[in-house]
Amino acid sequence: MASDTSRLGFYLLLAPILLWLVVLIILPHIGLFIVSISERVGPRAYEIGLDNYATFFNEPLYWRTFARTAIMSMIATLLTLVLGFPIAYYIAKLTRGRTKTTLFLMCMIPFWVSELVRTFGWMILLRETGVISNTLQYLGLVAGPVEMLYNDAAIMVGLVYTSILFMVVPLVTTLDSLDDSLIEAGYDLGGTNVSIMREIVIPHAMPGIVSGCIVVFMLSLGNYLTPILLGGKDSLWFTGMIYTQFITRFNWELGSAFGFLLLVLSSLVVFAGLKLSRQSLTETMGRT
Amino acid sequence: MIPTVPQPAFAKWCYRAYVAVFFIYLALPLTVVCVFAFNNSVFPSMPWEGFTLAWFFGTEAPFIGVFHERAIMRSIGTSAFVAIWVSGLAVAVGTCNAFLFVRHDFRGKAFLYMLMLLPLIIPGVILGISILVFSSSLANALEDATGMWFDGLRPGLILVILGQFSFITTFASLVISARLQKFDPSLEEAALNLGATKWGAIRQITLPFLLPAIVASAVVSILMSFENFNTTLMLVGSDSPLTITMFDKLKQGSTPVLNAVSLLLIVVSAALGLMSLLFQTKKNQRESV
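As they're listed, the protein sequences go chains Y and P. Counting in this note's numbering, the first sequence tops out at residue 288, every number present. Counting in this note's numbering, the second sequence tops out at residue 289, every number present.
It should be emphasised that the hints constitute simulated quantities derived from the structure, not laboratory data. Watch out, some of these pointers could steer you wrong.
To be verified - Subject to a maximum C-alpha distance of 30 Å in a straight line, what follows is the list of computed DSBU-like cross-link-like pairs (lysine-lysine):
id: 1; chain 1: Y; residue 1: K93; chain 2: P; residue 2: K182
id: 2; chain 1: P; residue 1: K109; chain 2: Y; residue 2: K275
id: 3; chain 1: Y; residue 1: K93; chain 2: P; residue 2: K12
id: 4; chain 1: P; residue 1: K12; chain 2: Y; residue 2: K100
id: 5; chain 1: Y; residue 1: K100; chain 2: P; residue 2: K182
Here the structure is a predicted model, which is why all the values come from computation and not from measurement.
Taking the hints into account, I'd like the entire structure generated from these sequences.
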């Protein structure tokens, strides 16, 4: 029939997506990899080799920062899940109608505000002359000003704050789809709160848990603002090192190697998360 | 724990208290940012020195308000320019992607769909440096070959737009696809039976149906572009968008002028965000009636 025009239409639709993905995603990442395996042997002369990766593994500062970033991100993800799950459950199961919409919207508003503004808010709260320090002094709980900024706990507070919404939203969506009668049946059959949580609610919420964890881990791993601003000068975060290599030191080869390592780590974690929960990327991410 | 199954009152109150504390935690940083925008002091910190609007409208140093701070106003303009381009491009490509994935079956469709989702799981910094490295080597190669300059491929607004576009498009595609999936193809067939051309039917029937999703994804794209930091940081040239300017100022030491900008940002983004949601739900309700 009109197969010629529809073929043409098909190719016209295929062109933009291919252009986008090939030019902006695939080729740049291949380029990044190629730069990461080239060594500078002279002005504008390069050889292929794994020197940059060797530098990474031989310099404790580099791989320790890498490990630290990964571990802190994992802790942040766990904290976010533990703190966010009860909230999502409350919104999905214990509220109705207008209250539910309001609470959900209240969760969404900070997500629309720039991360910079949120981090700035925490700086005002936590610094030595900040609100919390002053309140504690006013209440007579501490004698002098307390500096709560520039340590790992501050980074953690900031990381959890910036990413908790990405955990709560998918959790609310999946918990909403759980029929209350299943929980009732669980109670009728003699289940306790704990066993119902473990046998019914959590298995049902698994897709939401996985997609929330993946997004939160990725956001923490790739975060730059929070560790730099809340962690102060001595706090090391891997994205900060990438920035230093690229912009301050102008050592793009080493910076590319760092970038590629970060990419590998985050992909591995996403992959492991999907494998563990037996889901595909398409169904997990397509939902959000 | 569900409403129909009774629980001890104590447990219920503990749960409610936790939820209340959580929402305070959520609101606290934004509240202090807003409150200190009105503090009559040169530092956004305690003690409270009295109420002032100088950080918005002030003209005398050190009280130069947002509306008279040239660097900030210029960067708001830059951000708006970038956001409009990113949003336009993302919605255009997103709409094409929606039609491609919903209407067509082809070999490698699942693979292409997975590729389209990839930008969601690539950290923003990596997206930034990979585009930076690629465009710079392209520029070097082209300049060596032709002897001309290719400034568009060096860090600057074009790269910022491309960098943000590279991942915001995924969001736009998902939102518009979701809407197109709900569309009843028989409406389009009816238009064709009534003598409409293929393109006419799409323009008159399908696109109006998609409009709420298109508007919502345009608004969300603008918001995401405005507040993007990680990708932008790596690609920015001499014209810096708002978040980069604010970050530089924050590193130098903050003044309440930053609170004032933040307050404006909070108000505008909350309003835009709520609008996009309301627009979507209202349309949905009207159709379900």
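Here is what the structure says about each hint:
For the suggested pair K93(Y) and K182(P), the alpha carbons sit about 27 Å apart, so the restraint of at most 30 Å is met. Between K109(P) and K275(Y) the alpha-carbon distance is near 22 Å, which keeps this suggested pair within the 30 Å criterion. Only pairs whose Cα atoms come within 30 Å are accepted, and K93(Y) paired with K12(P) is accepted, the gap being roughly 13 Å. In summary, the hint linking K12(P) to K100(Y) is supported, as the alpha carbons are separated by about 17 Å, within the 30 Å threshold.
This hinted pair checks out: K100(Y) and K182(P) have alpha carbons roughly 25 Å apart, not beyond 30 Å.
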